[in-house]
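Student: Whenever a hint applies, use it, and build me the whole structure from the sequences.
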Amino acid sequence: MMSIFSCVCWLYECLLLRNIAKIFSHSVGCLFTLMVVSFAVQKLFSLMRSHFMVCSSICLCPLLFH
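Position one of the sequence shown corresponds to residue 172 (this note's numbering), numbered consecutively onward.
The set of hints was computed from the structure by calculation and includes no laboratory data.
Just so we're clear, the structure is a prediction, and the values are computed from it rather than from any experiment.
Where a beta carbon is used, it is the ideal one built from N, C-alpha and C, also for glycine.
A portion of the hints provided could be inaccurate.
To be verified - FRET-style restraints, in silico, Cβ to Cβ:
{"hint": "1", "residue 1": "Gln213", "residue 2": "Ser174", "range": "34 to 42 Å"}
{"hint": "2", "residue 1": "Phe210", "residue 2": "Cys185", "range": "33 to 41 Å"}
{"hint": "3", "residue 1": "Lys214", "residue 2": "Ile194", "range": "27 to 35 Å"}
Tutor: Put into structure tokens, the structure is as follows:
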């Protein structure tokens, strides 16, 4: 009877570790996705800021030197 119990406990531990590994893997995947999206948004805002500076300089230069 003890061997059946130990076998069931071993099976339960294996399934538990497997689920923990899945959760950890999923969490790492989510963190990686968030990091990529964050980098893309940061790059987009950087490009928008530089384009805004160029456009405002082009638009304001004739007004300043008129």
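Student: Each of the hints needs a verdict: does it hold here or not?
Tutor: Here is how each hint holds up against the structure:
1. For glutamine 213 and serine 174, the Cβ-Cβ distance of about 58 Å falls outside the hinted range of 34 to 42 Å, so the restraint is violated.
2. In this structure the supplied range 33 to 41 Å holds for phenylalanine 210 paired with cysteine 185, their Cβ-Cβ distance being about 38 Å.
3. With their beta carbons about 31 Å apart, lysine 214 and isoleucine 194 fall inside the hinted range of 27 to 35 Å.
Consistency note: the structure conflicts with earlier hint 1 alone.
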